[in-house]
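What follows is each chain in one-letter form.
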Amino acid sequence: MTERERVEASTGWGVLHLFYWAPARPDDEPGGAKRVLDALATFTSEEPHQVVTFATLGHKADLGIMAVGPDLARLQALQHDLSATPLRPAWSYLSLTETSEYAMTEDDERRRLADEEQITDAATVEERLTAWRERITHYREQRVHPRLPQKRSICFYPMSKRRTGDDNWYALDFDARKQLMAGHARVGRTYAGRVVQLITGSTGLDDWEWGVTLFADDPGALKEIVYEMRFDEVSARYAEFGPFLTGLVLDPAEALRRVGLES
Amino acid sequence: MTERERVEASTGWGVLHLFYWAPARPDDEPGGAKRVLDALATFTSEEPHQVVTFATLGHKADLGIMAVGPDLARLQALQHDLSATPLRPAWSYLSLTETSEYAMTEDDERRRLADEEQITDAATVEERLTAWRERITHYREQRVHPRLPQKRSICFYPMSKRRTGDDNWYALDFDARKQLMAGHARVGRTYAGRVVQLITGSTGLDDWEWGVTLFADDPGALKEIVYEMRFDEVSARYAEFGPFLTGLVLDPAEALRRVGLES
Amino acid sequence: MTERERVEASTGWGVLHLFYWAPARPDDEPGGAKRVLDALATFTSEEPHQVVTFATLGHKADLGIMAVGPDLARLQALQHDLSATPLRPAWSYLSLTETSEYAMTEDDERRRLADEEQITDAATVEERLTAWRERITHYREQRVHPRLPQKRSICFYPMSKRRTGDDNWYALDFDARKQLMAGHARVGRTYAGRVVQLITGSTGLDDWEWGVTLFADDPGALKEIVYEMRFDEVSARYAEFGPFLTGLVLDPAEALRRVGLES
Amino acid sequence: MTERERVEASTGWGVLHLFYWAPARPDDEPGGAKRVLDALATFTSEEPHQVVTFATLGHKADLGIMAVGPDLARLQALQHDLSATPLRPAWSYLSLTETSEYAMTEDDERRRLADEEQITDAATVEERLTAWRERITHYREQRVHPRLPQKRSICFYPMSKRRTGDDNWYALDFDARKQLMAGHARVGRTYAGRVVQLITGSTGLDDWEWGVTLFADDPGALKEIVYEMRFDEVSARYAEFGPFLTGLVLDPAEALRRVGLES
Amino acid sequence: MTERERVEASTGWGVLHLFYWAPARPDDEPGGAKRVLDALATFTSEEPHQVVTFATLGHKADLGIMAVGPDLARLQALQHDLSATPLRPAWSYLSLTETSEYAMTEDDERRRLADEEQITDAATVEERLTAWRERITHYREQRVHPRLPQKRSICFYPMSKRRTGDDNWYALDFDARKQLMAGHARVGRTYAGRVVQLITGSTGLDDWEWGVTLFADDPGALKEIVYEMRFDEVSARYAEFGPFLTGLVLDPAEALRRVGLES
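Protein chains in written order, with the numbering used here: chain X, 304 to 566; chain B, 304 to 566; chain R, 304 to 566; chain P, 304 to 566; chain E, 304 to 566.
Keep in mind that the hints were calculated from the coordinates and are not lab data. Where hints are given, some of them may not hold.
Copies of the same chain look alike in the list, so a pair counts if it fits in one copy or across any two.
Only pairs whose alpha carbons sit at most 20 Å apart, straight line, appear in this in silico SDA-like list of lysine to any residue [stated by the list, open to error]: (1) K337 - Q445; (2) K337 - P373; (3) K481 - R465; (4) K481 - D520; (5) K454 - A376; (6) K454 - D374; (7) K481 - A344; (8) K481 - R533; (9) K337 - E429; (10) K337 - E404; (11) K454 - P373; (12) K481 - G545; (13) K454 - Q482; (14) K337 - A406; (15) K337 - T440; (16) K454 - F477; (17) K481 - A376; (18) K454 - L553; (19) K454 - D418; (20) K481 - T347.
Bear in mind that the values here come from a model prediction, so they are computed numbers and not experimental data.
So that you can see chain X by itself, here it is in the shape it has in the complex:
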């Protein structure tokens, strides 16, 4: 598989992370909450367009809206509809869902079965691979066509791979990158159940190469996974991070209420 083939197979839906400041005097603009809720309802009225809304902590924004769906024009329309509400734009990030080009292949799994589990009997191998294919198809589908999870807290940050001196990710060959990413993924998997992560691609579209969205019920888990991964070579040597925004996930009406917009 060439770099090209890996890349072409990978792209899915549009993702727009929108961050807003709420008005200091919401009463000056009555009906603001309704206009925001209407904009969100219009966007999500057609499957599979989805949003997650959250009240953010700190001065960078008051409200975050993560919008996902196949139609970029619909994402642009949401952005425009929100511009006509009392919310003022604070920040945003544009990306597209994508599968990882470093995903395990069937050959990888076959080799792992032989090496780690000493399974070489053709029938058993095939049985195991069938189960593996189902899991991987589901995982891949969730990355390209995600259902946004329900967790109580969220953080979002963009990142790029480093290209400086001896720490140049893009100068590594595919096998070296795949091996490094496998170690990275192993750390991620130990947070299964506690943290759901969605990596989306933005090279050529926005200022960093990927957007990372993490969901967890316990906000401490957001800190723990990012901190632990920082010791992984992929992060320690090769990652550059943009701004981090953290929030409390709430249904849209409640999120608006918490930033002063009553419906």
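Take the given structure of chain X and dock chains B, R, P and E to it, following the hints.
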């Protein structure tokens, strides 16, 4: 050919990428759309001045206007005319069209014919070179005097070549740079039909050394080409990138309508 | 103990450092001081939620509020309540209290007793360890569930550990990091009584990896400790610092009065 | 000649590059153009104070004013007078005219005559040196007490010499720097007639070490000279560049008219 | 003497550099000049609190106020009083006066007398040391408890010592730093009479490690000293510089008049 000769031969028209925020309450400024459309019409009323308009995604801008033409005073007049509309300036980039100094020469092509196609017969070589000259003339003309293409999505970003430590593009000799750029171009050509790119020069004029405008019907293709090229040594070791802005190309009236300015 | 175990055991309460500009004409918004005081009172009405208020020096802010407590939703509510006062957000920082993963263990202390104090007699060792356990429990409790101290001046700054070339903190193994941090802590302890420091974690939550809050009666001591520590290898080779904000700690009504908001 | 002597001999007039945004609705502030023209006329009413005015391209500014003269208080007064017009400050740069410390000396010229032209006969040498002295005196005078040229386009950018790792300009000895600058100047001289450059010094006064102002009738020449010089070791290894601003030189009333201020 | 002892002995008064923009239409806020002058008079009414006022050049500010005195609360009160005038905050810097930890000791001077002047006779040595002690006491007093000088121009910039790769100031031992600083000071002393400099410490208090204020009658001298020092290893290898602000020192009423505020 000296560096000077290469440079002098290369410069063409002015290019102004203008990005604007639309007003939150367009009704407060009636007639806004008309004033924008009039400004664009005035600019394009004289051949070969052209514009591409697009609705941008994310907080960096609502509307993008790429204006191209031989007359810098006309570009300044467009910028001024737009300042008298409800649009507020968000960002911009100034560059000039130029041919690549690393373009293949007739000698390069002759050598390639001999090496790759074993064509050395004088008559056949000449026949092939005639066709090659036509293609190259057309390609060169399109870079210096471009006709902006019709594609559904666009991204723009400025970039510079790196000058740090061992990764100093400007310390490489011409042949090394030409060879690196040839590899880079090979990747680009594999996107022919899917992605149209226009590289314009801005050294001495704006904050980066080049502006890159990519057009594609599929927005995923914008991500794919930039991502794949990042593994190319020209990008991996030598490129520094500015902000990326992405939008949906629309005719001017429709682009304005999508950002709230009805005409 | 794995990196994971160290990390999981460490996280405590939410910490929000909020910085505001006071209005230039407070009389235009009567009742402003009362609204701020009410917001603070609401936040601290439930134990153990606490605030420290301070008048800041310089243009970056007029007023600082450090808010600490177990409930992130309550911190968000404070932020929102303050948005409805005449104060305008200037900056903020989000973090969580945490214990240091490099804290001395019982084995470390046992070894120290043997090496430095030549105490190896089992009964004496046990007696000393009992006292040590009490101290360490108290110290650990103060980091995870802090009581904010009463000192006359304060400074706050975020920081990260460096990951560049040969100076990559995250590429060091745990023992090397622990040894470096022990030297760093030794310098800190020599300021006991003069400077109280609270290190809180923000990896994955805000733009730097830690927040550092220093309290001292003598503002000169804030400069002295940070300056002296800069010669320590942990800072000299591995620290990157964000903005520094310095203020005079005052009770809330007095802090507001000093920035023009009379109650 | 010591570094000190070179430095002391070099400083001349004050130079203030002022950049402004024009008002979106000039009619709200009638008489604006007159107030700007009056401010410029007051400044230039006393010889040798001069201005060049230009309409800038892009969002960084609408109007540029380069003001030069011996009296810094007069430059401050111009800045203040302009603050009372509808123009809003966008950017600025402060520098002083200076001669180059790397200028050729009489000994350099004598050596060049012997080496390059084989002229060693005392009378001829003296005759040639007399002519050389006149030229150099004129050139030096133009750098310290410049007459601003009349060209149709202008670009301005500040720059510093790099001080990082092995690329530390200030760690080179004088002879090495002089030799590097001589090569740089040779490239510059090949643009004689097409591009006029004025290098002014700002170390200790503004955020970069020098300001570079280029004048050319053909805006393409501005790009060509800066691009070609980037391959020179002085730029490739040792230059750091600030923002670039480009404009169309016009007489003051016309420049104002082009940004919407009619007089 | 330990690093600690050096540090503790060194800290003196608070220093607040405040930079403001003047109102574009001062007549809209009558009495503005009086309110500024009253704020300055209140601050300086108690010895030894002092201010220097200056009209700044360029867009970064219109007016600069350097305020010095032992009481940080009084500095905060000045900042607050000025917030109630028509001046709008543009920038600021907070630092504390301090002696240099690299000051010559009596032993250094004794050694210098023997080595450079061949003075070893006990009585003469003692006589010379008595004079030296007086000078050094005066110099030290002026750094910790400065009387701000009367010179016609001023520049201010913050700076830090570099901590990157092989250029890590804080990894040098004390003797190496002292020797480097001695060379730096030698250059400074050659400007005695022309330039007065005041170095104040801000590690832990503001974003850089030191503030540098230079006073000179001739603005050219500000450029000359900073430029010449840049070749010194302390600057060339180890200095990082923040923004530079330059102004014309005037008495408060005249400074205000020059920025449009008549009293």
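How the hints compare with the structure:
1. K337 - Q445: neither (31 Å within a copy, 45 Å between copies)
2. K337 - P373: neither (25 Å within a copy, 32 Å between copies)
3. K481 - R465: Within. Shortest intra-copy distance 16 Å satisfies the 20 Å Cα cut-off; inter-copy 25 Å does not.
4. K481 - D520: neither (30 Å within a copy, 31 Å between copies)
5. K454 - A376: between (28 Å within a copy, 14 Å between copies)
6. K454 - D374: Between copies, since 16 Å is at most 20 Å while 25 Å is not.
7. K481 - A344: So K481 and A344 fail the 20 Å test inside a copy (40 Å) and across (52 Å) alike.
8. K481 - R533: both (18 Å within a copy, 17 Å between copies)
9. K337 - E429: Answer is neither: 55 Å inside a copy and 66 Å across each miss the 20 Å cutoff.
10. K337 - E404: Result: close neither inside a copy nor across copies, 42 Å intra and 47 Å inter.
11. K454 - P373: between (23 Å within a copy, 18 Å between copies)
12. K481 - G545: neither (23 Å within a copy, 28 Å between copies)
13. K454 - Q482: This pair counts as neither: shortest intra-copy Cα distance 30 Å, inter-copy 38 Å.
14. K337 - A406: neither (43 Å within a copy, 51 Å between copies)
15. K337 - T440: neither (39 Å within a copy, 51 Å between copies)
16. K454 - F477: neither (34 Å within a copy, 32 Å between copies)
17. K481 - A376: neither (34 Å within a copy, 40 Å between copies)
18. K454 - L553: Classified as within; 9 Å inside a copy, 38 Å across copies.
19. K454 - D418: neither (37 Å within a copy, 50 Å between copies)
20. K481 - T347: Classified as neither; 36 Å inside a copy, 50 Å across copies.
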